[in-house]
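J.: Note that the protein sequences, when read in sequence, are chains S and V.
For what it's worth, the working numbering labels the leading residue of the first sequence as 12, then goes sequentially.
For what it's worth, the working numbering labels the leading residue of the second sequence as 310, then goes sequentially.
Errors might be hidden in some of the hints.
[Claimed, not checked] Cross-link-like lysine to aspartate or glutamate pairs, in silico, EDC-like; alpha carbons within 16 angstroms at most: (1) S:K316 <-> V:E502; (2) S:K375 <-> S:D388; (3) V:K413 <-> V:E363; (4) V:K484 <-> V:E632; (5) V:K413 <-> S:D59; (6) S:K262 <-> S:D392.
[Stated by the list, open to error] Chain V is nowhere near these chain S residues, computed Cβ spacing over 10 angstroms in every case: (7) D41; (8) I231; (9) H389.
Hints are computed from structural coordinates only; laboratory data are not their basis.
If you're wondering where the values come from, they're calculated on a predicted model, not measured in any experiment.
Cβ atoms here follow ideal geometry from the backbone N, Cα and C, with glycine treated the same way.
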Amino acid sequence: MPEPVRVARSRRQPAHTSARRGQSAFEWLDDRVRASKHRQLLNHIFPDHWSFMLGEMAMYSFIFLVVTGIFLTMYFKPSDTMVVYHGSYAPLDGTRMPEAYLSMLNLSFRVRAGLLVRQAHHWAANIFIGAIVVHMMRVFFTGAFRRPRELNWMIGATMLALAIFNGFLGYSLGDDLVSGIGVRIAYSIVESIPLVGSYLAVWLWNGTFPGHIITTRFFIFHVLILPGAIAALLALHLAFIWTQEHTEFKKKGASEQTITGTPLWPGFTAKSGGFMLVVFGVLVTLAAVVQIDPVWQFGPFVPFKATDAAQPDWYMGWLEGALRLWPNWEVNLPGHMIPVVFFPAVLLPLLTWAIIYAWPSLEKRFTGDRDRHNLLDHPRDRPGRTAFGVGALTFYFLLFVAGGDDVLSNFFHFSIEDFVWGMRITTIVLPLVSGLVAYKICLELQGQRRRTARPRFLIVERAESGYYAATDGLAVPGEEEPDPLDVEEAGNRAAEAVSPLDERPPTPSGTTESRRAP
Amino acid sequence: MPEDFNPGTEGSGGVEGKATEHLPKGTIEPAEMVEVSIDAPQFQVAAAHPERVERGIAVMFLVGLAGFMGFGASYWQNYSNFWLGITLGVGFFGLGIGMVAWGKYLMPRGPFSEARHSAAPTPEEQEAFLTDFTSRGKVAIERRGFLLKLLGAAGGVFAIVAAFPLLRSLGPLPKMLFYHTAWKKGSYLMTAEGRKVHEDDLEKGGVLTVFPQGDIGGALSQTMLIRVEDASYGYVVTAPHRKTWGPKGYLAFSKVCTHAGCPVALYQKALNQLLCPCHQSIFDVGPGRPATPVFGPAPRPLPQLPLYIDSKGFLRAQAPYDEPVGPGFWERGAN
Ligand code: HEM
Ligand code: FES
Chain S
12 MPEPVRVARS RRQPAHTSAR RGQSAFEWLD DRVRASKHRQ LLNHIFPDHW
62 SFMLGEMAMY SFIFLVVTGI FLTMYFKPSD TMVVYHGSYA PLDGTRMPEA
112 YLSMLNLSFR VRAGLLVRQA HHWAANIFIG AIVVHMMRVF FTGAFRRPRE
162 LNWMIGATML ALAIFNGFLG YSLGDDLVSG IGVRIAYSIV ESIPLVGSYL
212 AVWLWNGTFP GHIITTRFFI FHVLILPGAI AALLALHLAF IWTQEHTEFK
262 KKGASEQTIT GTPLWPGFTA KSGGFMLVVF GVLVTLAAVV QIDPVWQFGP
312 FVPFKATDAA QPDWYMGWLE GALRLWPNWE VNLPGHMIPV VFFPAVLLPL
362 LTWAIIYAWP SLEKRFTGDR DRHNLLDHPR DRPGRTAFGV GALTFYFLLF
412 VAGGDDVLSN FFHFSIEDFV WGMRITTIVL PLVSGLVAYK ICLELQGQRR
462 RTARPRFLIV ERAESGYYAA TDGLAVPGEE EPDPLDVEEA GNRAAEAVSP
512 LDERPPTPSG TTESRRAP
Chain V
310 MPEDFNPGTE GSGGVEGKAT EHLPKGTIEP AEMVEVSIDA PQFQVAAAHP
360 ERVERGIAVM FLVGLAGFMG FGASYWQNYS NFWLGITLGV GFFGLGIGMV
410 AWGKYLMPRG PFSEARHSAA PTPEEQEAFL TDFTSRGKVA IERRGFLLKL
460 LGAAGGVFAI VAAFPLLRSL GPLPKMLFYH TAWKKGSYLM TAEGRKVHED
510 DLEKGGVLTV FPQGDIGGAL SQTMLIRVED ASYGYVVTAP HRKTWGPKGY
560 LAFSKVCTHA GCPVALYQKA LNQLLCPCHQ SIFDVGPGRP ATPVFGPAPR
610 PLPQLPLYID SKGFLRAQAP YDEPVGPGFW ERGAN
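So that you can see chain V by itself, here it is in the shape it has in the complex:
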């Protein structure tokens, strides 16, 4: 420990409370350091048996050293993740614990106390600063109001035009992006592997994710095709105006959840319900049940895709979806 090591930067003994608060800064300049006897009890090490602690720390450092060497070896030998991490961990622990112990037990016991430097500013200080800042020699800022305004205006315009490349160039305008999917009148229903879906493909209670041609795997056009369990193989009528939308027990609903857009991936055939795995919204499907949300946070039914079966037995779309699929957005409005 250096001879003049001095923990208290200024006279800090009993500092009388009220007096410091408004003392001018100068009087507590941390310049006046006072010599303190190195024999003061606060400067003695904290440990009762420093030699023992020293030995303990040495052991910890050796453990740390061994850990790091072990890590080097593990890396070199391409050992498993476990050995790499454990050896490195032991290295850090050994070094770290040793250092903490050193700081805790082998350094001046203290406690050390000093006057806080962080008193409130005085009004005079603030006044002087403001005067300097605004009216240096009466030429700086104080009487240049007009120039300041112009500068502000230019800065403001810059901020606005800078936003164009920063934001506007990022992507297209939304326009009708959310209103259309790739489904068209007459689109074949395709599997994820790109095969046309035939009317014989699904058993009762079967389920398949389908896409329109040209958008296989599409995130917005993904559609859930189900063949309802209890229907006779006639039309499944989910709502009065959808008399022909579900031929031969087939129903198709948008797979994009109206809550937050997750794929509504689960079909519980016994209950005739679709379930969204993200936040457990449940939609009723089947005769008289147009994917109405019956539980969970989803606010709207899943849009239904009108189907027909062509002369070769392939499933096709009568028309695109008649409303935006997926979660809501500001421009969507009620319908």
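Next up, chain S with everything else stripped away, as it sits in the complex:
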């Protein structure tokens, strides 16, 4: 046997092995984990901008969802077994209903603060996904997804898909008449997938619809598998943000190589922690004053009953609209078929996410820009991207509108036929128009900016000989924003002005000195 090779490792001794009495709790803990070594983590800088709080808003809504969700699992019964209700809500007394629905009634009427938590949880789901979407818009329109942040863009896109799925599952757990119809449609959508659809549907539901086990299965996905996946991805998302560091806007003092903002401790912690509580406050206040998903009014799910004008949660609206607008086209192959719902409900989401995932590389291909970017774009400076984003948003928004076509056509006294045809055309035409308009507006804004921000004084001098000579003067006094195109140099020049370290004594070692701007 050869001698074991000793792997080189620093054998540092702890700085001081305190045997003192009366150690502080911190010292006791630090003696074991040595946190003090990472003092500089406290200084991690987070740039300040309101739009950077959108991601936080999503994150805090998620935390809120987990906490309220844990409360709900204590009382919710994920069971499709039929039972008879005898409870305090008189209109349903004696009704046969699934146990799941019954436990929802008890959560709403019997468990103290149960209704509050139920409503807060449902509101949080809606706001969670809303915040994600707006956060994603921020990331898109400012180009924050560019190298090196493409992976984080994809992680985010995955979380969005999971969040929508999970929202749908949670909504479906109630087994009420409105959500039950959504589950019926979901069955048909799964069934529509070519090759494997029938198998998947029959396996997931344990037979043909309704199958009598789906609530149990949805439940475990809703409370464990999907939230677990979101939590894991969120951790990764945050780890990326930490190591890659947050982007910031082009402004005086900003440069690709520096980061300016508030340090983690104490400023950012206080502001962000406070913001978390404000988000919580908004959610419980909504739960107090705005009713959401009153399952007791809908009645339990009965497969042969349907409600009129039932609307899903907002984030399902685009799919609902797509289902309504897609014409009755099926693909018939010899012995096989691709059913109508496959196109709007499976293919459209697949295409949507394919484009989202591919966008960072697509844009690289279009622009040839493969550089690392830490400074954000102003949307007007990237008219092509902005136009695409505006067009896409218009498209999905119109689908969302079409999701309420029955309600809307009633309201506006259109016949449903006219309304649907109108929406079909609008959904195709308007995104193109709005994209074009956005493009023009971007150019307009750029031009305006150049016109107003660039003029300089001419310094006119009269020479001895009597000639006049004009030379370029300084920029207009008070012009704050540098041109985005030459912001980098400006930033490097200006960075010195904002650094608090200017006050420091000269650095002893040459390393930092050597990197200073000449």
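Position chain V with the ligands relative to chain S; hints supplied.
T.: Below, chain V with the ligands alone, put in the same frame as chain S:
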């Protein structure tokens, strides 16, 4: 604020752009912290009148405290949802707004700036990592191609067999599940309450959801029974080969929408149309109108159940549905 609080972890003053990008990691080790005078303007609080802000924050915290206490009281007294939520909301708002204000106005004004740590890796770094990873002492992975392949094969087989219990055990095989409903030749038409339907049960323009015996409430066998308005009480012929399917003005269609499976629950007797509430598909019914979709996303007519009226006047099925009911699926094929 601790004496050596230091926002910039390394010399960050004006960092010259191009130089940092490829500096070896070591030179920007965040170890070299520099003392900064605590009197620097960036370390002064942001508020012009800190005492006033402090008072404001104290008020917010008190409001928050009151809110939480109110919540406790509301819970104890079993007050309404409104009071529980409002008090809790006030608690969160008070605390949250106070904290944000604290962070915004009573903490070092900044701004703080430092060099980014997130430069691109250098080729040398990557090279060194890869060497370590694949060829530690020439024994690790580099020359074990065959073993790696075997390991991969075993892993792959495991993944496949693991899918059996994970997926296959979930439910039955589809086989003919989508092709049959519980309707049989001779089945009585039953109401949701389990009563046989008699020929006198429906008025003209009447409508009723019916099921076969043994499957009351069945999601696939649910059937819409209508008595058409304008027909004389003879046979209603929806299509040439369905001469006897609609006795005495009665017609029965599958209630499962061919679009996405919702119950086609609405009958507009004036227009003789069935309407699906989910995505507004409309089906024409009546003489010469075999539930043909005339509007909306539904691609196929609703299958029709052939009826007869037995000697006691009860409505019964001549035969099961002659095609799968409901939405399409891959194996269905065209017909
Ligand atoms: C569960 C949902 C999500 C949560 C909780 C979340 C959370 C966050 C947080 C807290 C930040 C830092 C603050 C900020 O920039 O707003 C962030 C940044 C980021 N997020 Fe998300 N996010 C989610 C979904 C998404 C989605 C859907 C995308 C895009 C498809 C995305 C892409 C990014 C990117 C690229 C960054 C870095 C931005 C930068 O450095 O400027 N995230 N996210
Ligand atoms: S399910 Fe009937 S129209 Fe969509």
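J.: Which numbered conditions among the earlier hints are violated in the structure presented, ordered from lowest to highest?
T.: none
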